[in-house]
Amino acid sequence: MTTKEHPSLWGFGTTKTFKIPIEHLDFKYIKKCSDVKHLEKILCVLRSGEEGYYPELTEFCEKRLQGLAPASRALRKDKPAATASSFTAEEWEKIDGDIKSWVSEIKKEENKMYFSETETFPATEDNLPPVRGSNSCLHVGKEKYSKSRPAKKKIPRDYAEWDKFDVEKECLKIDEDYKEKIVVDNKAHLSKIEKRIDTTGLNEKEKDFLATREREKGNEAFNSGDYEEAVMYYTRSISALPTVAAYNNRAQAEIKLQNWNSAFQDCEKVLELEPGNIKALLRRATTYKHQNKLQEAIEDLSKVLDAEPDNDLAKKTLSEVERDLKNSEPASKTETKGKRMVIQEVENSEDEGGKDDGGKHEDGSGDDKPAEPHAMGNIQKKLTGKAEGGKRQARGAPRRGRAAGAGADKRGRPRASATAGSGAKGHPGSGPDAGDPPAPPPAAPAGPAGLKTQGNELFKGGQFAEAAGKYSAAIAQLEPGGSESADDLSILYSNRAACYLKEGNCSGCIQDCNRALELHPFSMKPLLRRAMAYETLEQYGKAYVDYKTVLQMDCGVQLANDSINRITRILMELDGPNWREKLSPIPAVPTSAPLGGWRPAAETTSNQVGDSSSHHQLGVTDEKMFKALKEEGNQCVKDKNYKDAVSKYSECLKINNKECAIYTNRALCYLKLCQFEEAKQDCDQALQIDDGNMKAYYRRALAHKGLKNYQKSLTDLNKVLLLDPNIAEAKMELEEITRFLNIKDNTASFNKEKERRKIEIQEVNESNEEEPERPSMEVSAACLASEKGDKSNWLPEYSEKLQISKPNNAYEFGQVINAINTRKDKEACAHLLAITAPEDLPMLLSNKLEGDTFLLLIQSLKNDLIVKDPSLVYQHLLYLSKAERFKMMLTLISKGQKEQIEQLFDDLSDTPNNHFTLEDIQALKRQYEL
Amino acid sequence: MLSGAHLALSELTKSNLLGRLRAEYGKREGQTVSNVWSLVSRLVFCRGLGGVVAGGEIGWAMSAFEKPQIIAHIQKGLNYTVFDCKWVPCSAKFVTMGNFARGTGVIQLYEIQHGDLKLLREIEKAKPIKCGTFGAASLQQRYLATGDFGGNLHIWNLEAPETPVYSVKGHKEIINTIDGIGGLGIGEGAPEIVTGSRDGTVKVWDPRQKHDPVANMEAVQGENKRDCWTVAFGNAYNQEERVVCAGYDNGDIKLFDLRNMSLRWETNIKNGVCSLEFDRKDISMNKLVATSLEGKFHVFDMRTQHPTKGFASVSEKAHKSTVWQVRHLPQNRELFLTAGGAGSLHLWKYEYPIQRSKKDSEGVEMGVAGSVSLLQNVTLSTQPISSLDWSPDKRGLCICSSFDQTVRVLIVTKLHKI
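Going line by line, the protein sequences match chains A and B. Just so you know, we're using the numbering used here here: the first sequence kicks off at 1 and counts up by one. Just so you know, we're using the numbering used here here: the second sequence kicks off at 1 and counts up by one.
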């Protein structure tokens with residue numbers, strides 16, 4: 001700016017620049033002015049000094065502007081760089097010290113690097129992509145910039161080259177370019193980012209460096225709201241070097257993407273690496289919350305609050321969860337809840353039998369209702385188990401121990417949605433349940449009931465001592481009542497026992513359990529709690545007896561099963577092979593006992609059902625009958641006696657024809673009995689009662705399939721998947737049905753043949769899936785075999801229920817093996833082995849070789865493959881012995897399994913072959929430590 | 001006389017200055033201008049030496065320490081015109097590159113030792129060295145690639161600098177700018193170097209291939225050749241993808257896709273493009289900052305490309321004069337520092353909009369630009385700051401060189417809190 005050499009052209013009225021009236025350069029005006037632009041101009045004029053210097057006015061104007069628009073550009077001033085003197089001594093020391101320490105550190109690093117540098121050209125060059133080829137000419141099209149081949153002269157094209165010009169090709173290229181310009185895929189990069197980083201040949205430091213950088217990229221992506229990309233980079237970071245931070249961050253990103261399951265798994269990983277990690281706990285709580293496992297969420301949150309009582313986020317989430325919990329409570333009282341429970345039991349027991357794959361699915365199907373935290377937990381565990389496949393188990397004992405501990409812990413907490421939850425699952429566990437009593441008798445005084453509720457609340461909140469106090473008070477009130485309130489008292493004692501157990505007061509717990517059992521012999525929870533207390537006190541014998549008793553009542557109690565296994569081992573170690581003799585006799589449980597005693601939840605259920613379906617006129621006897629019949633029916637299903645089960649269920653329905661679960665259960669039996677029409681009708685009935693019942697849909701789909709109504713089956717499966725897209729079985733069925741439909745279309749001309757064939761295939765499928773040992777299988781298999789002759793081109797596709805294609809990597813292989821494993825389908829496994837190259841086996845198994853997989857492989861080699869191709873068997877065995885965890889495996893397998901392997905080897909040596917000699921086999925046998 | 005010359009120079013602004021500088025360098029290998037420069041700045045520098053070198057006794061009490069502070073930690077006067085400075089990765093060392101008064105080129109290697117700079121090595125070469133990069137070097141080797149006034153691309157082993165490891169006469173005229181990728185673990189794929197020159201071409205080199213570039217982007221014959229002032233690699237998130245962005249004296253910005261060998265996008269920001277940088281080279285293009293001769297810079301959101309509208313951008317008038325350089329913080333891509341013609345440094349933060357993309361009237365995705373906010377600004381010198389480099393290893397450590405023949409080590413505090 002020039003100085004005021006020239007008189008202002010605008011006269012006195014305005015300033016030269018901006019033409020601002022002179023009057024505006026005034027304190028009063030500036031004070032009032034709220035026009036930022038105008039103020040900026042005034043400031044500019046004032047600063048320029050063209051109207052004279054007014055330092056105070058300038059400062060005032062600045063302040064005013066600062067107040068109005070702190071980000072105003074006019075306020076930016078040239079500032080000198082900060083120096084040591086602009087900080088307090090302390091701050092400066094910190095800054096300076098930081099730099100100094102970094103300098104010395106990096107120098108050390110550098111020296112190390114310098115000395116460790118051995119080869120002049122590091123091997124990293126090996127895996128570099130090739131030099132950008134001479135074919136890479138820049139194609140700028142119509143733009144000003146032309147391409148020129150770098151290998152040639154820079155003149156774009158000479159005449160000779162034009163001769164070679166392929167118009168079509170160039171046009172195509174331009175078209176492509178054009179297309180690319182038009183359809184810009186702005187998300188394309190996501191799929192193209194490598195998920196893994198090749199870290200071969202890197203030392204820990206470099207890996208750490210890489211991992212950190214990838215994590216930073218992830219953080220940046222996260223901060224910009226690009227969560228998918230963030231997940232990608234965290235995954236890369238983890239692939240370079242798994243760190244707590246990366247897992248934790250990925251969990252957070254997954255939460256943002258609402259991938260609760262992945263987030264949950266990441267949290268688990270963090271907690272495995274670093275138990276008690278606050279962030280991971282918080283995040284796991286969030287995943288629990290969204291998966292409606294409110295109880296677990298509360299548990300995690302209270303852990304966080306124990307460590308950091310002021311954690312606001314935890315507090316907030318906790319209050320939210322508790323609110324959700326309250327909201328879900330009424331829901332749990334509705335009839336759906338009750339119905340589901342029952343099914344659960346049937347399925348659970350089937351599951352434990354380890355036979356039925358369908359059961360697993362059914363279990364999952366209960367999972368759509370948010371009011372069912374427990375079932376969710378169940379499916380969750382299963383899904384993760386499945387998804388993670390062998391990995392989880394491979395981690396072995398410590399992990400399992402932890403999980404069991406956690407499980408016990410979970411069970412230890414009362415389910416808020418009361419009642420239903422834990423009772424339903426057949427894990428009455430150790431938590432006191434609000435619904436423990438078979439619906440509080442009206443006669444019961446309000447005081448004790450209220451106290452008990454309070455106690456339950458306190459227990460939920462983790463205040464065990466206070467809860468115990470409440471229960472004690474309730475007991476004190478009820479005590480005089482004597483036998484009338486025996487049931488209630490029993491429950492109160494049982495609940496107090498749970499509190500004591502939590503507190504670690506085992507003897508108190510045992511006493512209470514004893515009292516509870518006196519009042520109510522053979523009730524499950526006190527027994528379980530006493531068992532746990534005994535176990536804690538290392539009185540393993542007594543614990544064993546209690547667990548056994550529990551198992552007599554319900555063999556599906558996972559906790560008891562686990563504990564029995566554990567204790568058996570301990571007892572064997574302690575007392576040697578004759579440990580059983582030292583045990584006190586296990587009391588025989590009267591058959592009627594469980595009904596009254598340990599399934600109060602079921603009772604509540606039917607009460608509730610009654611309420612909702614105008615069923616409350618039902619006499620008590622009827623109700624009991626109903627339950628008893630249902631129990632028997634379930635038992636029959638467990639025993640695979642489907643006919644009897646059907647009759648039991650039918651009787652049930654005579655008493656109460658509004659019970660959805662009975663229909664679905666009976667449908668299952670009909671399915672097993674191949675009475676598809678009846679199964680379908682039952683499902684229809686069930687759906688009439690509850691049109692969101694996934695099990696009914698699924699079973700009807702199966703029934704439709706059996707009836708060859710593939711289209712309808714398809715519709716039903718779609719409905720199932722609509723309700724819960726995560727049900728693998730339904731997906732599998734869906735695929736299969738779709739295939740059927742396609743083939744039906746294709747082979748429409750072979751109508752006659754088709755029909756017959758279909759039925760048989762159907763049966764094979766059914767039997768494969770549901771019950772491999774059914775006799776009809778042989779028949780159908782025989783049919784299949786005979787048919788293979790004429791229509792071998794498409795039959796094999798059917799013969800394996802599983803679609804087995806050649807696995808390309810360890811992951812695919814693991815998936816197939818898992819699927820086979822759940823079915824125990826040795827044929828499929830044999831097929832898999834037949835199509836898998838033996839030398840790939842170690843790669844495919846990677847570190848996932850496990851007892852059951854191993855056994856399965858051996859069995860299928862022994863049963864199926866040895867006859868067909870002994871050399872393949874030999875090859876497989878050879879390469880199996882080179883798999884990663886093979887040695888470990890050998891130490892873990894049992895005698896019986898060893899014998900099987902031995903047999904296989906014997907068979908192998910018996911079959912003459914020129915691909916291998918007896919010496920080879922002997923050598924291999926040594927590998928197998930035989 | 002002294003202050004007069006000084007004034008005259010600092011008043012030389014904008015295109016005038018840049019244009020002259022570049023023109024002079026091109027024709028007479030920079031002697032005239034750089035001589036004036038070195039003379040003037042040396043005098044200026046000597047005058048202010050007492051106060052400045054010791055870390056500055058400037059009595060400037062700042063209270064608001066919530067903001068990041070830019071500290072001039074160490075300053076060192078040089079006896080040559082410095083054009084570029086770069087940290088040696090994994091060390092407390094850096095190199096400065098420039099032009100001796102006698103018309104030769106120089107590379108100096110400095111190390112931070114006890115709060116001061118120690119000259120470890122000085123290498124003199126025939127031609128003034130304009131720019132350099134470690135971007136294509138492995139962490140073990142740390143070879144420096146340089147471009148000089150004669151249009152030569154060299155790669156030096158600083159331990160044995162007598163003969164270059166790689167040498168090619170890449171351009172007919174001065175190499176204004178250079179960038180590297182694939183080294184230092186940054187960017188997937190092969191190590192490559194891109195150079196931009198006054199002869200209007202942008203060439204990509206692979207150190208494994210002698211003599212010829214692996215890609216060459218140049219104007220069609222007959223068209224005006226524009227002076228390429230800046231180049232930058234980006235989008236190298238996997239082995240195949242890679243782009244080069246080039247900025248020209250007429251304000252053109254061109255984005256070349258090296259995978260398809262196509263021009264992916266171009267725009268014009270009206271004024272000469274002095275510096276371009278992607279916020280990260282090794283991720284899918286996220287942001288690109290372009291600084292201009294007229295004191296503005298533009299931030300493009302490179303995630304969402306609209307078929308016709310291209311990329312969304314936000315611009316900010318940052319400095320009163322040319323913005324010579326922009327450099328993103330290696331540890332946080334949303335922060336970047338711009339270096340201005342009047343010796344000022346501005347630290348910026350980019351803030352994303354709530355939605356980074358939206359659908360236009362035809363339902364095609366288009367990007368939405370965010371906003372930039374100034375976190376801190378300082379004025380270090382009266383002369384333009386010609387180059388700027390963040391330490392890849394230490395957050396907040398930075399070097400800059402300016403035309404007053406000074407190299408400065410800066411510390412920016414509180415960066416981790418943003």
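Certain hints may be false.
[Stated by the list, open to error] Computed cross-link-like contacts, DSS-like style, restricted to lysine-lysine with a CA-CA straight-line distance of at most 25 angstroms: (1) A:Lys77 with B:Lys317; (2) A:Lys79 with B:Lys414; (3) B:Lys394 with A:Lys112; (4) A:Lys37 with B:Lys317; (5) B:Lys296 with A:Lys41; (6) A:Lys77 with B:Lys349; (7) A:Lys205 with A:Lys256; (8) B:Lys296 with A:Lys107; (9) A:Lys279 with A:Lys315; (10) A:Lys37 with B:Lys320; (11) B:Lys317 with A:Lys63; (12) B:Lys76 with A:Lys79; (13) A:Lys79 with B:Lys349; (14) A:Lys658 with A:Lys643; (15) A:Lys107 with A:Lys207.
Worth flagging that the hints you see were computed from the coordinates, not collected in a lab.
Now the hints, each set against the structure:
1. Distance hint between A:Lys77 and B:Lys317 is fulfilled; the C-alpha atoms sit about 14 angstroms from each other, no more than 25 angstroms.
2. Pair hint A:Lys79 plus B:Lys414 holds up; C-alpha atoms about 18 angstroms apart against a cutoff of 25 angstroms.
3. Between the alpha carbons of B:Lys394 and A:Lys112 the distance comes to roughly 18 angstroms, so the proposed pair stays at or under 25 angstroms and holds.
4. For the hint pairing A:Lys37 with B:Lys317, the CA-to-CA distance comes to about 16 angstroms; that is within 25 angstroms, so the pair holds.
5. In summary, the hint linking B:Lys296 to A:Lys41 is supported, as the alpha carbons are separated by about 20 angstroms, within the 25 angstroms threshold.
6. With a C-alpha separation of about 18 angstroms, the suggested pairing of A:Lys77 with B:Lys349 holds against the 25 angstroms cut-off.
7. As the CA atoms of A:Lys205 and A:Lys256 are separated by approximately 31 angstroms, the hinted pair breaks the 25 angstroms bound.
8. Distance check on the hinted pair: B:Lys296 and A:Lys107 sit about 39 angstroms apart at the alpha-carbon level, beyond 25 angstroms; violated.
9. For the hint linking A:Lys279 to A:Lys315, the alpha-carbon distance of about 14 angstroms falls within 25 angstroms, and the restraint holds.
10. Between A:Lys37 and B:Lys320 the CA atoms are separated by roughly 19 angstroms; this keeps the pair inside 25 angstroms, and the hint holds.
11. Restraint check for B:Lys317 and A:Lys63: satisfied, since their Cα atoms lie roughly 22 angstroms apart, inside the 25 angstroms limit.
12. Among the hinted pairs, B:Lys76 with A:Lys79 is consistent with the structure: their alpha-carbon atoms are about 20 angstroms apart, no more than 25 angstroms.
13. With a CA separation close to 19 angstroms, the supplied pair A:Lys79 and B:Lys349 stays within the 25 angstroms bound.
14. The hinted pair formed by A:Lys658 and A:Lys643 meets the criterion: a straight-line CA distance of about 22 angstroms does not exceed 25 angstroms.
15. Only pairs whose Cα atoms come within 25 angstroms are accepted, and A:Lys107 paired with A:Lys207 is accepted, the gap being roughly 20 angstroms.
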